[in-house]
Amino acid sequence: MSVVANGPHARLAELGLELPEVVPPVASYLPAVQSGQHVYVSGQLPMAEGKLLATGKVGAGVSAEQAKQLAQRCALNALAAIDSLVGLEKVVKIVKLTGFVASAPGFTGQPGVINGASDLFGTVFGEAGRHARSAVGVSELPLDAPVEVELIVEVS
6 MSVVANGPHA RLAELGLELP EVVPPVASYL PAVQSGQHVY VSGQLPMAEG
56 KLLATGKVGA GVSAEQAKQL AQRCALNALA AIDSLVGLEK VVKIVKLTGF
106 VASAPGFTGQ PGVINGASDL FGTVFGEAGR HARSAVGVSE LPLDAPVEVE
156 LIVEVS
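According to the working numbering, the sequence shown is numbered sequentially starting from 6.
A hint or two may mislead.
Said to hold, decoys possible - For lysine to aspartate or glutamate, the following EDC-like pairs were computed, each having C-alpha atoms within a straight-line distance of at most 16 Å:
(1) K73 - D124
(2) K98 - D149
(3) K98 - D88
(4) K56 - E26
(5) K98 - D124
(6) K101 - E132
(7) K98 - E132
(8) K101 - D124
Stated by the list, open to error - Distance ranges between label pairs, derived from CB positions:
(9) E19 - V143: 29 to 37 Å
(10) S33 - T113: 27 to 35 Å
(11) P110 - S161: 42 to 50 Å
(12) A65 - P147: 12 to 20 Å
Keep in mind the hints are simulated off the structure, nothing from the lab.
No experiment lies behind these values; they were computed from the predicted model shown.
We put the beta carbon where it would ideally sit given N, CA and C, even for glycine.
Produce the complete structure using the sequences and hints provided.
So this is what it looks like as structure tokens:
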């Protein structure tokens, strides 16, 4: 892979991050699918080397700050799925991010948690990383993950 000086791979390297291997699906789906000018990225969990980095509910066992870091990992996994399908250099715009937060009763900080993903996209893609977004509190996520992120991305 050649790294363009101001490209997304270079920005990730500046942050001390590298793309992980694409997380294999945990059920019957693909990590990402292209349709026309858009890539739809399946929900990404905070996995590294085949394991969840944490389990449990945010606000009870998982702190909001830890969950924000986990959301960044979900975003990094989403970028790996995009890169393997079309290449990060083809990203024109992060269009829509949907973030799910397994929330303890009374926890209402979902937007701050999902900022972990949003902030990464803004840093890596600049203006093209600004997106529409939903941050949703849910009672359970697959494998007892605290956070899950899915994306719609416009590509060239």
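Hint check, failures only: 2
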